[in-house]
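Visitor: The chain contents come next:
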Amino acid sequence: MFVNSFNVRTFAANLKQGIFKPIRMKINTLKNIVLSTLFIAVFNISFASETKDGGDDKKFDPKDMIMHHVQDAHGFHLWDWNGHAVSLSLPIILWTDNGLTTFMSSAFHHDDSGKEVVERNGAKFVKLHGKIYQLNEGANTVAFDDKHHATNASKPIDISITRNVFMMWVSVFVLFLVFITAARSYKKSENNVPTGIASFIEPLVVFVRDDIGIPMIGEKRYKRYMPYLLTVFFFIWINNIFGLIPILNGANLSGNIAFTFTLALFTFIITTFSGNKNYWQHIFWMPGVPVPMKIFLMPIEIIGIFTKPISLMIRLFANITAGHIIILALMSLIFIFKSIGIAPVSVAFSLFITVIEIVVTAIQAYIFTILSALYFGMATEEAHH
Amino acid sequence: MDLVTPGFGLVFWTAITFLILLFILRKFAWKPILGAVSDREEGIKDALASAEKARAEMENLHADNERILQEARAERETLLKDAREMKNKMISDAKEEAQVQAAKMIEQAQAAIESEKKAAMAELKSHVAGLSLDIAEKVVGDELSNKDKQLKLVENMLGEATLN
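Just so you know, the sequences run in chain order W and Y. Taken in order, the first sequence gives residues 1 to 385; the numbers are from the numbering used here. Taken in order, the second sequence gives residues 1001 to 1164; the numbers are from the numbering used here.
Heads up, a few of these hints could be off.
[Said to hold, decoys possible] Below, in silico cross-link-like pairs of lysine to aspartate or glutamate (EDC-like), each with a Cα-Cα straight-line distance of 16 Å or less:
| id | chain 1 | residue 1 | chain 2 | residue 2 |
| --- | --- | --- | --- | --- |
| 1 | W | Lys-223 | Y | Asp-1039 |
| 2 | W | Lys-63 | W | Asp-80 |
| 3 | W | Lys-155 | W | Glu-119 |
| 4 | W | Lys-155 | Y | Glu-1041 |
| 5 | W | Lys-187 | Y | Asp-1039 |
| 6 | W | Lys-220 | W | Glu-190 |
| 7 | W | Lys-277 | W | Glu-381 |
| 8 | W | Lys-131 | Y | Asp-1142 |
| 9 | W | Lys-124 | W | Asp-111 |
| 10 | Y | Lys-1031 | Y | Glu-1041 |
| 11 | Y | Lys-1147 | Y | Asp-1134 |
| 12 | W | Lys-155 | W | Asp-97 |
| 13 | W | Lys-220 | W | Glu-381 |
| 14 | W | Lys-188 | Y | Asp-1039 |
| 15 | Y | Lys-1095 | Y | Asp-1082 |
| 16 | W | Lys-338 | W | Asp-97 |
| 17 | W | Lys-63 | Y | Asp-1002 |
| 18 | W | Lys-131 | W | Glu-116 |
[Said to hold, decoys possible] Covered, in the sense of this in silico footprint (three residues per stretch, anywhere, with C-beta under 8 Å from a C-beta of chain W), are these stretches of chain Y:
| id | stretch |
| --- | --- |
| 19 | 1017–1023 |
| 20 | 1036–1043 |
What the hints contain is simulated information worked out from the structure, not anything from laboratory work. Ideal Cβ placement from N, Cα and C applies to all residues, glycine included.
With the hints as extra help, turn the sequences into a complete structure.
Guide: The following block contains the structure:
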């Protein structure tokens, strides 16, 4: 499983990580056990149900449901009421050949199969499997090939306010509210004593400083990186938590690879730009080893520059998505069995996993932050020979 | 495959949102919070240092007090000693003075007595001389009436006066 894709050099670099490795390993092993039992169960049951109902009513597809939940969407589908979906529509923003086109997602009337055609700004749009397609000139309906891909439509650049973007802004609003309030409370108090919300926030901020910033980057240079580390830590953490709130319908922002990609990209950019002579020397011409070894190590180290942020990206994405998939799969058991009798088991298991996931929210935020700090520390480390 | 393909829209919004979040939180949250925390830590450090300093000062003060007390005691001691010496000296001086005075008075008294004695003697002499003269006058008058006796006396006197 790629969840375990930990950089070897990263580990060697600091003993401290030895602390969380066992925890992660334990969680991963747990996940593996639960997942594999689940797979066996799902496999058997799908066989059973297939033979049993012959299928006149629409068969429940757990994979479809799960993928729908862990991926992004144009709008919040809250619940169904009398056969109608109750949902919160969000703006769709498209960059087409005719310029910027915006409309609300409700224009599609919850259609996701490309039937509902929306005409805006001289172009026709359809929604197909969660993606917006622009029909080619002259076409009025979507034509499909045998693999159910649209043949007469193209994807415009889609910068819609999807539910992930919406939840990201909600999280940003919460972060502003919490941290700016906390910061203000210091001004009111005497002698900088934390009061109110600041007394909850301060230990976390000090934790990021004393257990991530200072040990990983060093007393001399950590201050420059503190705003980034703190922001990343709390941004990831709050979005991990938001992802676990059921009513938000799986706004799985931190389990979306686009989100983890962007944050990993920032870490990569900061690492690359703060790299000093010593850092680049260790990459291109490793000191203290014979020349053939220097040549041999160079490509490995160059790959290492990229694998570090890529591992950050995949680790966060895979951990959070895996947690969501497990919980959803456990819940799917009820629908697969078509029995309320399985519900206590499902609920007990998913409660158990949810509790683990609550721990994982913090652990993954911590790991992303500490590894980012470690990379900054490696990039700014002075030669010590 | 959709699951592991980063969508452009979300990358775009994440990047913008994250940068705004980073800049605003840096200015309005992290700087004040970290500043307050480090200020407080500095404050505590300073307070501890100044408490330590105050303690040292107290100790110094205590030592100073002890020293001052010691000095005062020593000074009192010397003052008392001085006073005693002074007293003794004064007494001895007074005694000496008195002695000198007494000696002087005695001397004066003696001198006075001497002079009185001399005066008395002189008066006595003159008196005696007068008396003698009177007696002599009477004796001479009487004697001179007796020529023989006169001559005898001269004789006697001449005999006594050895002419050498």
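Visitor: Of the numbered hints stated earlier in the document, which are not met by this structure?
Guide: Hints 2, 4, 6, 8, 11, 15, 16 are the ones this structure does not satisfy, whereas the remaining hints hold.
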